[in-house]
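Q: So you can see what is in the structure, the chains are spelled out below.
Number of protein chains: 2
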Amino acid sequence: MANWQNLDTLAAYQALAEMKKPIDLKEALAGEKGGKRVAEYCVPMACGLKYVYAAKQVDEAVLEALEKLAEEAGLAEKFAELYNGAMINTGEKRLVLHHLTRGQLGEDVMADGVNKREFYVRQQERIAEFAGKVHRGEITNAAGEKFTTVVQIGIGGSDLGPRAMYLALENWAKANGAMKMQAKFISNVDPDDAAGVLDTVDAAHAIFILVSKSGTTLETLTNESFVKDALKKAGLDPAKHMIAVTSETSPLAGNSDYLDAFFMDDYIGGRYSSTSAVGGAVLSLAFGPEVFARFLDGAAAMDKLAAGKDLRKNAPMLDALIGVYERNVLGYPSTAVLPYSQALSRFPAHLQQADMESNGKSVNRYGEPVNYPTGPVIFGEPGTNGQHSFYQLLHQGTDIIPLQFVGFRKSQFGLDVVIQGSTSQQKLGANVAAQIIAFACGKEDENRNKYFEGGRPSSIIVGDQLTPESLGALLSHFENKIMFQGFAWNLNSFDQEGVQLGKVLAKKVLAHDTDGALKAFSDMLDI
Amino acid sequence: MANWQNLDTLAAYQALAEMKKPIDLKEALAGEKGGKRVAEYCVPMACGLKYVYAAKQVDEAVLEALEKLAEEAGLAEKFAELYNGAMINTGEKRLVLHHLTRGQLGEDVMADGVNKREFYVRQQERIAEFAGKVHRGEITNAAGEKFTTVVQIGIGGSDLGPRAMYLALENWAKANGAMKMQAKFISNVDPDDAAGVLDTVDAAHAIFILVSKSGTTLETLTNESFVKDALKKAGLDPAKHMIAVTSETSPLAGNSDYLDAFFMDDYIGGRYSSTSAVGGAVLSLAFGPEVFARFLDGAAAMDKLAAGKDLRKNAPMLDALIGVYERNVLGYPSTAVLPYSQALSRFPAHLQQADMESNGKSVNRYGEPVNYPTGPVIFGEPGTNGQHSFYQLLHQGTDIIPLQFVGFRKSQFGLDVVIQGSTSQQKLGANVAAQIIAFACGKEDENRNKYFEGGRPSSIIVGDQLTPESLGALLSHFENKIMFQGFAWNLNSFDQEGVQLGKVLAKKVLAHDTDGALKAFSDMLDI
Chain A
0 MANWQNLDTL AAYQALAEMK KPIDLKEALA GEKGGKRVAE YCVPMACGLK
50 YVYAAKQVDE AVLEALEKLA EEAGLAEKFA ELYNGAMINT GEKRLVLHHL
100 TRGQLGEDVM ADGVNKREFY VRQQERIAEF AGKVHRGEIT NAAGEKFTTV
150 VQIGIGGSDL GPRAMYLALE NWAKANGAMK MQAKFISNVD PDDAAGVLDT
200 VDAAHAIFIL VSKSGTTLET LTNESFVKDA LKKAGLDPAK HMIAVTSETS
250 PLAGNSDYLD AFFMDDYIGG RYSSTSAVGG AVLSLAFGPE VFARFLDGAA
300 AMDKLAAGKD LRKNAPMLDA LIGVYERNVL GYPSTAVLPY SQALSRFPAH
350 LQQADMESNG KSVNRYGEPV NYPTGPVIFG EPGTNGQHSF YQLLHQGTDI
400 IPLQFVGFRK SQFGLDVVIQ GSTSQQKLGA NVAAQIIAFA CGKEDENRNK
450 YFEGGRPSSI IVGDQLTPES LGALLSHFEN KIMFQGFAWN LNSFDQEGVQ
500 LGKVLAKKVL AHDTDGALKA FSDMLDI
Chain B
0 MANWQNLDTL AAYQALAEMK KPIDLKEALA GEKGGKRVAE YCVPMACGLK
50 YVYAAKQVDE AVLEALEKLA EEAGLAEKFA ELYNGAMINT GEKRLVLHHL
100 TRGQLGEDVM ADGVNKREFY VRQQERIAEF AGKVHRGEIT NAAGEKFTTV
150 VQIGIGGSDL GPRAMYLALE NWAKANGAMK MQAKFISNVD PDDAAGVLDT
200 VDAAHAIFIL VSKSGTTLET LTNESFVKDA LKKAGLDPAK HMIAVTSETS
250 PLAGNSDYLD AFFMDDYIGG RYSSTSAVGG AVLSLAFGPE VFARFLDGAA
300 AMDKLAAGKD LRKNAPMLDA LIGVYERNVL GYPSTAVLPY SQALSRFPAH
350 LQQADMESNG KSVNRYGEPV NYPTGPVIFG EPGTNGQHSF YQLLHQGTDI
400 IPLQFVGFRK SQFGLDVVIQ GSTSQQKLGA NVAAQIIAFA CGKEDENRNK
450 YFEGGRPSSI IVGDQLTPES LGALLSHFEN KIMFQGFAWN LNSFDQEGVQ
500 LGKVLAKKVL AHDTDGALKA FSDMLDI
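Protein chains in written order, with numbering that gives the first Met the number 0: chain A, 0 to 526; chain B, 0 to 526.
Bound-form chain A, shown alone (with noise of 0.2 Å):
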């Protein structure tokens, strides 16, 4: 068993909590060392992609710190306990399996009476053979024509992780003949949503997808509600439409409501559900099967890599050591996430989700307040878009914001335009090249309103091009690194009970029990 300490407890942070001043990136980064650190803080990820650190406050000493932290906290036998199938989710008393979904690090894991590994490559193939027979036409709508809409009716790790990758992969798709159904996402109980999405789509053409792990989520249902109303009005019946995504013991299973069911289990948090049946129903209806299977190939590399013990080469475990030695050493509140790469427009907020839902809690694994800074908030928007906009406060705000940022060779379609001598793709390589710079050293003036104090450090994650298994890759590395800095605050990653008040606040709400100031706000939106 691995030793569950405070990170506060642990020698090597005591010593690395000592490093409290930054190293000067300017000096760093400047003339042929600067190269050098470049070729040389960088670790090969799975692939094609890299992570690049040399421009991060750290240096030779920062790094031994934080690999004596990796082996007192134990990052490595952590993360194996977790995948030979300890209770790691301490708070809802779970095994956390969502790496399984995609191969198998270690042991077989059985729960539930099964090898877990089987059953999650089970609702593959199930999904797999469901999807191609609606590509083929063989499952089709009550008129005999086929589908060609998807539309996942789903909230939280159901919405985000599959639509991110949906719109990161949709213009590849596209570019390489493999777009076989336009997908849709529905998820705010706000009924503009479903109604909005609703105008936009053929429905007697649509297979809708209801995502819910427990089969009770009150957006979910009630979405799916609206769903089927409309769909009736149509004068369409419903349950040719639908199929769902949930668990084995929920009452969506078996029902003759939907088309067909698959199965995710306990072990899938929802924001780690990507690669599960959540994301594989969508993505293989949208993409083919084909598609969805190169995606987990992808994270499953990236996960063998995350496996590692040796800091320099994982970069996974360095970026969430570097990550704690900025937030809890540095001091640094928040972290942004910039991608330039217009198909990662919603991978932030995705991970926004993945992170702050995993590592925003003020109390460890087994319940107890720790003395630390947690989880950061997360936020970010693609570039180039967000150096027209909140750029500045990054360059020249009065905190300091560590960047993650994310680039590649590649577009995907591959059509492009030659302006001033340089194609759109080398524009935005350019610029994020030219950003990490400018945000790490910064540029003297006299003008003190065009000054850049610089020393405002940032990573990169570099690749070729945005392809299904590079996408994967990229998915699994901020999953692991989430999951390594919940290990080293010592948190459970993996429970979320801080949505929970709201929920019980908002029923009351509804059946009109309320008193006092929570009566005002009711009444004031005329519940």
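Accuracy of the hints is not assured; some may be wrong.
[What the hints assert, rightly or not] Computed cross-link-like contacts, DSBU-like style, restricted to lysine-lysine with a CA-CA straight-line distance of at most 30 Å:
{"no.": "1", "chain 1": "A", "residue 1": "145", "chain 2": "A", "residue 2": "173"}
{"no.": "2", "chain 1": "B", "residue 1": "67", "chain 2": "A", "residue 2": "239"}
{"no.": "3", "chain 1": "B", "residue 1": "49", "chain 2": "B", "residue 2": "442"}
{"no.": "4", "chain 1": "B", "residue 1": "183", "chain 2": "B", "residue 2": "449"}
{"no.": "5", "chain 1": "A", "residue 1": "92", "chain 2": "A", "residue 2": "502"}
{"no.": "6", "chain 1": "A", "residue 1": "502", "chain 2": "B", "residue 2": "49"}
{"no.": "7", "chain 1": "A", "residue 1": "49", "chain 2": "B", "residue 2": "502"}
{"no.": "8", "chain 1": "A", "residue 1": "502", "chain 2": "B", "residue 2": "449"}
{"no.": "9", "chain 1": "A", "residue 1": "506", "chain 2": "B", "residue 2": "35"}
{"no.": "10", "chain 1": "A", "residue 1": "132", "chain 2": "A", "residue 2": "145"}
{"no.": "11", "chain 1": "A", "residue 1": "506", "chain 2": "B", "residue 2": "25"}
{"no.": "12", "chain 1": "A", "residue 1": "32", "chain 2": "A", "residue 2": "20"}
{"no.": "13", "chain 1": "A", "residue 1": "507", "chain 2": "B", "residue 2": "409"}
{"no.": "14", "chain 1": "A", "residue 1": "449", "chain 2": "A", "residue 2": "20"}
{"no.": "15", "chain 1": "B", "residue 1": "506", "chain 2": "B", "residue 2": "442"}
{"no.": "16", "chain 1": "A", "residue 1": "232", "chain 2": "B", "residue 2": "173"}
{"no.": "17", "chain 1": "A", "residue 1": "145", "chain 2": "B", "residue 2": "173"}
{"no.": "18", "chain 1": "A", "residue 1": "303", "chain 2": "A", "residue 2": "92"}
{"no.": "19", "chain 1": "B", "residue 1": "35", "chain 2": "B", "residue 2": "25"}
{"no.": "20", "chain 1": "A", "residue 1": "409", "chain 2": "B", "residue 2": "506"}
{"no.": "21", "chain 1": "A", "residue 1": "231", "chain 2": "A", "residue 2": "506"}
{"no.": "22", "chain 1": "A", "residue 1": "409", "chain 2": "B", "residue 2": "32"}
{"no.": "23", "chain 1": "A", "residue 1": "507", "chain 2": "B", "residue 2": "49"}
{"no.": "24", "chain 1": "B", "residue 1": "20", "chain 2": "B", "residue 2": "32"}
{"no.": "25", "chain 1": "B", "residue 1": "92", "chain 2": "A", "residue 2": "449"}
{"no.": "26", "chain 1": "A", "residue 1": "19", "chain 2": "B", "residue 2": "19"}
{"no.": "27", "chain 1": "B", "residue 1": "506", "chain 2": "A", "residue 2": "25"}
{"no.": "28", "chain 1": "A", "residue 1": "20", "chain 2": "A", "residue 2": "308"}
{"no.": "29", "chain 1": "B", "residue 1": "409", "chain 2": "A", "residue 2": "502"}
{"no.": "30", "chain 1": "B", "residue 1": "19", "chain 2": "A", "residue 2": "442"}
{"no.": "31", "chain 1": "B", "residue 1": "442", "chain 2": "A", "residue 2": "506"}
{"no.": "32", "chain 1": "A", "residue 1": "132", "chain 2": "A", "residue 2": "173"}
{"no.": "33", "chain 1": "A", "residue 1": "442", "chain 2": "B", "residue 2": "507"}
{"no.": "34", "chain 1": "B", "residue 1": "232", "chain 2": "B", "residue 2": "308"}
{"no.": "35", "chain 1": "B", "residue 1": "67", "chain 2": "B", "residue 2": "32"}
[Stated by the list, open to error] Derived CB-CB ranges, DEER-like:
{"no.": "36", "chain 1": "A", "residue 1": "371", "chain 2": "B", "residue 2": "522", "range": "37 to 43 Å"}
{"no.": "37", "chain 1": "B", "residue 1": "250", "chain 2": "A", "residue 2": "446", "range": "54 to 60 Å"}
{"no.": "38", "chain 1": "B", "residue 1": "20", "chain 2": "A", "residue 2": "503", "range": "53 to 59 Å"}
{"no.": "39", "chain 1": "A", "residue 1": "29", "chain 2": "B", "residue 2": "250", "range": "36 to 42 Å"}
{"no.": "40", "chain 1": "A", "residue 1": "371", "chain 2": "B", "residue 2": "176", "range": "55 to 61 Å"}
Since the hints were made in silico from the structure, they are not lab data. Beta carbons are placed, not taken as given, at the ideal position from N, Cα and C, and that holds for glycine.
Start from chain A and add chain B according to the hints.
A: Quick look at chain B alone, frame taken from chain A:
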């Protein structure tokens, strides 16, 4: 002339700075007293909106201190200087006139030899005339067919604001028979952005709006070329499909490459340009000029209230100063914007730009470093989606993040479904009411993992429905809030020197004029 001084030199601020211990929200909101507080801590806004700050950590003592601060900082006086045409943008030596695009708050403002209010109105009239001709089929494509789609090509303020406003009104327009043309947006220099959008657009029936004040924004010109290439490949004449929104002195003005050009000027910052021709062209084409005029009316009505001197009746000024108290005295580093309206899905991204680009500064308006924190990180997503995601950290994370809710009593489409005794719209409202109380009051629990500390402050802007008028009022509220905070911090909120350095370095990369670390990063990205 108002007295432009740094925040920390003001006696009123020094008194406020003593109030480091926030009031007990649970106590303040308890029982009947709590209901009364909600009714009292509420400011009417324009268009039926109200700003409720009962769940902010303020009491009479804090409010009195803020009143003194508003007085001593001369906030109302400074706003009057601004709208009467003083040179408020000290960095670029420019007037700040976006309020004039929607009304006349004070004296006539003359600049460039013309009355600026008349100039902006004239542009609105020209746009209305052009849009009318397009809608009536008097301006058509070469085949004499009506245009059905409008595509805005712009970045930063030429993209985020107009896009957020379009999305905010799209479903309203559909429900109210005001949908004239669908709008799409191309912004990123990533060639996949233009390629992806063009893939979904019927170019033969599309008008493209090129938006660049200077006429030299590289991303925008690059995307224009991309679009022109695509039009030519489709056998279309770009000059018959494009209009420009630019300044009168730009190369895009009076240029036969465009069907027409509509003008803004140097006194309208990009992030404040939604009510100028930048928002006017796309919104008038999409929804008709009458709808755009209603949007302006809402903004103008709210501007009038923002010009009032009484802090307790001036929602943007009060919101601004409560924010200063939270940022500078209570030390909260970020703010979440959480609209309970799917239509406002990109409103937080627009505010992120408006706020962080305006007040993410470390020097005052005279270019001298300030000794206090200025603009916070702004982020957000619509509720209820966020509840199933990053709210975990907001409820139970180690940092306190002030929250800015927005909610409406009615949906835009008016389509709804009753599940478990309530409509979706009621569920939406119940959730936001519940969240306010959950954040403020928390919950005791012996299980520390289920314990909610509370003391997490929020405000809410409540309205009847999101309409053109209320959207205009909402936009004005936040624009003026940001302006007042800039005044309080003694910043120039209207320049953006922080976005320049990256541009300069990107040019060097593209010219291969680099060495060391910048060359290494550029090589990695195949520039």
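Q: If a hint holds in the structure, say so; if it does not, say that too.
A: Here's how the hints hold up against the structure:
{"no.": "1", "hint": "A:145 / A:173", "verdict": "19 Å, holds"}
{"no.": "2", "hint": "B:67 / A:239", "verdict": "66 Å, violated"}
{"no.": "3", "hint": "B:49 / B:442", "verdict": "28 Å, holds"}
{"no.": "4", "hint": "B:183 / B:449", "verdict": "44 Å, violated"}
{"no.": "5", "hint": "A:92 / A:502", "verdict": "22 Å, holds"}
{"no.": "6", "hint": "A:502 / B:49", "verdict": "25 Å, holds"}
{"no.": "7", "hint": "A:49 / B:502", "verdict": "25 Å, holds"}
{"no.": "8", "hint": "A:502 / B:449", "verdict": "13 Å, holds"}
{"no.": "9", "hint": "A:506 / B:35", "verdict": "23 Å, holds"}
{"no.": "10", "hint": "A:132 / A:145", "verdict": "10 Å, holds"}
{"no.": "11", "hint": "A:506 / B:25", "verdict": "20 Å, holds"}
{"no.": "12", "hint": "A:32 / A:20", "verdict": "21 Å, holds"}
{"no.": "13", "hint": "A:507 / B:409", "verdict": "20 Å, holds"}
{"no.": "14", "hint": "A:449 / A:20", "verdict": "25 Å, holds"}
{"no.": "15", "hint": "B:506 / B:442", "verdict": "55 Å, violated"}
{"no.": "16", "hint": "A:232 / B:173", "verdict": "19 Å, holds"}
{"no.": "17", "hint": "A:145 / B:173", "verdict": "28 Å, holds"}
{"no.": "18", "hint": "A:303 / A:92", "verdict": "26 Å, holds"}
{"no.": "19", "hint": "B:35 / B:25", "verdict": "14 Å, holds"}
{"no.": "20", "hint": "A:409 / B:506", "verdict": "19 Å, holds"}
{"no.": "21", "hint": "A:231 / A:506", "verdict": "29 Å, holds"}
{"no.": "22", "hint": "A:409 / B:32", "verdict": "61 Å, violated"}
{"no.": "23", "hint": "A:507 / B:49", "verdict": "24 Å, holds"}
{"no.": "24", "hint": "B:20 / B:32", "verdict": "21 Å, holds"}
{"no.": "25", "hint": "B:92 / A:449", "verdict": "15 Å, holds"}
{"no.": "26", "hint": "A:19 / B:19", "verdict": "26 Å, holds"}
{"no.": "27", "hint": "B:506 / A:25", "verdict": "20 Å, holds"}
{"no.": "28", "hint": "A:20 / A:308", "verdict": "28 Å, holds"}
{"no.": "29", "hint": "B:409 / A:502", "verdict": "21 Å, holds"}
{"no.": "30", "hint": "B:19 / A:442", "verdict": "36 Å, violated"}
{"no.": "31", "hint": "B:442 / A:506", "verdict": "16 Å, holds"}
{"no.": "32", "hint": "A:132 / A:173", "verdict": "21 Å, holds"}
{"no.": "33", "hint": "A:442 / B:507", "verdict": "15 Å, holds"}
{"no.": "34", "hint": "B:232 / B:308", "verdict": "58 Å, violated"}
{"no.": "35", "hint": "B:67 / B:32", "verdict": "26 Å, holds"}
{"no.": "36", "hint": "A:371 / B:522: 37 to 43 Å", "verdict": "39 Å, holds"}
{"no.": "37", "hint": "B:250 / A:446: 54 to 60 Å", "verdict": "28 Å, violated"}
{"no.": "38", "hint": "B:20 / A:503: 53 to 59 Å", "verdict": "29 Å, violated"}
{"no.": "39", "hint": "A:29 / B:250: 36 to 42 Å", "verdict": "39 Å, holds"}
{"no.": "40", "hint": "A:371 / B:176: 55 to 61 Å", "verdict": "57 Å, holds"}
The structure fails to meet hints 2, 4, 15, 22, 30, 34, 37 and 38 from the earlier list, while all remaining hints are met.
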